[in-house]
Amino acid sequence: MNKEQIKNSLDHFFEKNNLPSEKSMERMLNYKKQKSKKTLALYPKYLFGLITTIVTVSCIIFMLGVIKPTESTVNVTSKYSEILEEFNLEKVQIEPLNYTFFNVLVYEMQYFQSAFWTKEEAQWHSFDSLIEQTAMMTFAQSKGIKVKDKEIEELAKQKNAEFLQEKAVTKYDDLFKALSISENEFYKDVLYFNAKYELLENRLLKELRIKRENSEEYSKLYSNAIHFYREVAADDITSFKEDFQIDEQLSVKQLTPLKEPVEVSFDYKNISALALGRNANGELEFIHPRDTWKYILEVYAEMLYKIDEGNKNYIPIAPNTYNRYKTSLKKLAENSSSKYQTEAIQLLEILNIFEHSYNEDYQFE
Amino acid sequence: MDFDEVAREYIKDLFKIAYSYVKNVQLAEDIVQDVLIKAFERQEQFRGESNYRTYLIRMTINRSYDILRSWSYRNYQLTNTFTSFFNHSKSTEDLVEERSSNKELYEHVFNLSIKYREVIYLYYYLDYSVKEIGDLLDLSENTVKTRLSRGREKLKKLLKEEEAIFNE
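So the protein lines, in turn, are chains A and B. Plus 1165 on top of the position in the first sequence (first one is 1) and you've got our numbering. Plus 10 on top of the position in the second sequence (first one is 1) and you've got our numbering.
One should not assume that every hint holds.
Unchecked claim - Straight-line alpha carbon distances no greater than 27 Å define the calculated DSSO-like cross-link-like pairs of lysine-lysine that follow:
id	chain 1	residue 1	chain 2	residue 2
1	A	1168	B	155
2	B	155	A	1406
3	A	1172	B	166
4	A	1336	A	1353
5	B	22	B	141
6	A	1342	B	125
7	B	166	A	1284
8	A	1336	B	141
9	B	166	A	1406
10	B	22	A	1188
Calculated from the structure, these hints are not laboratory results. Since the structure is predicted, the reported quantities are computational estimates derived from the model, not experimental observations.
Hey, can you work out the whole structure from these sequences and the hints?
As structure tokens, this is what we get:
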């Protein structure tokens, strides 16, 4: 199935049915003689449909009043009433899954941390966090815990002040651009959402007399909340996972570790620690990135320290510093008088393999 | 360019877009006519930020969504369901023919849910780029890409199922 097939098939449909016909075109082009009208209501046959529907719906409502609930209806109700009773809850009040919040979590994990994560890994972990928070909010609201909008607003404003300080040092503008969200949406979907979550959780803990320090009770509460939420919001969770193509059974890349490097031009100092593998095309790939980064930091520590020298704080090789390191390495690799030239060439070669492995997850320059 | 000429140039595309949403000829005609009336009345207000075709297409999409959300459209759908339930007008020959022939690809496209149908339609049929679709539908490029890919997967799945039934 390709573009041409889809296009031809749709063309075929419109041609076969002569759409739009000349008559139809003339009717549409009579726009100057027409005024905006209420669609449908003008057509007598739809008017007839309207009357039929009103009568039918009235009959259905009447019949529903007379007929007793079916067995399956009873089952569904009792299913929720059992779980409500099990957790001593009043009602089912589901907090919707927050898509923007999730996207922000994924981006923050990929770009604002000192480790590299594939998008799949970042989504997987962020999905867990989203479920935990949403489950706790659902659980608290189903318990009858309430918070006023005004209270949430106040806390969200405090959070916004903290965020503005954070924004000054972190590249949030890149985040807004990448996710196509405005600061206002960030406030509403992230800061306000966080504030609501914190207030609901605090009140629930107070109501149940659970202290955060008591990790056993606290984690039990989370586990109950997640169990309850997954039960009552199963459909929402499935749709969300479908939308983001999230596989909760995240598969680990099954690649065979290398016994000896073949396509590289220098001797690795410790091959097993480098933890590279081959993909289906036989190309070298990072298969245990954290081990590889650890190896790099250990073996090339002196050179990296030299590159980083002069910076007030230690800067790790992280998503948002990667390109700076690479630029410095390129300069060293071109400088024949530098004692780090060979090491810089080696590391650039490893970085090349890294970029190849992660090119679907990060933008490299 | 004279507004009549503009209307004549784009009317087919607008109709096809409206039809892809409401799947009903009369409704699609109504939508296009409403759009043309509004565009005609607002000729002076067009700020030229996008090209005129895109401007009209965006209006058509918005108007189509209005119709889909309207109570009268839901009523129309309900009436249609009842009508098709009570009117078994298909002959035995029709049914045999229907069962023995593969469904056309366009039928599967029209049966996709709106969020997939609209991006597939704009991308494959009207040759809009991912970025342009994002601008038209107020979606990020990533969302458009995801929907395109999921829409394609769904189409492939439907075609495979169809093939399996046909081969039985």
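Results of checking the hints against the structure:
{"no.": "1", "hint": "A:1168 - B:155", "result": "holds (15 Å)"}
{"no.": "2", "hint": "B:155 - A:1406", "result": "holds (16 Å)"}
{"no.": "3", "hint": "A:1172 - B:166", "result": "holds (15 Å)"}
{"no.": "4", "hint": "A:1336 - A:1353", "result": "holds (19 Å)"}
{"no.": "5", "hint": "B:22 - B:141", "result": "holds (23 Å)"}
{"no.": "6", "hint": "A:1342 - B:125", "result": "holds (23 Å)"}
{"no.": "7", "hint": "B:166 - A:1284", "result": "holds (25 Å)"}
{"no.": "8", "hint": "A:1336 - B:141", "result": "holds (24 Å)"}
{"no.": "9", "hint": "B:166 - A:1406", "result": "holds (20 Å)"}
{"no.": "10", "hint": "B:22 - A:1188", "result": "holds (13 Å)"}
No hint from the list above goes unmet by this structure.
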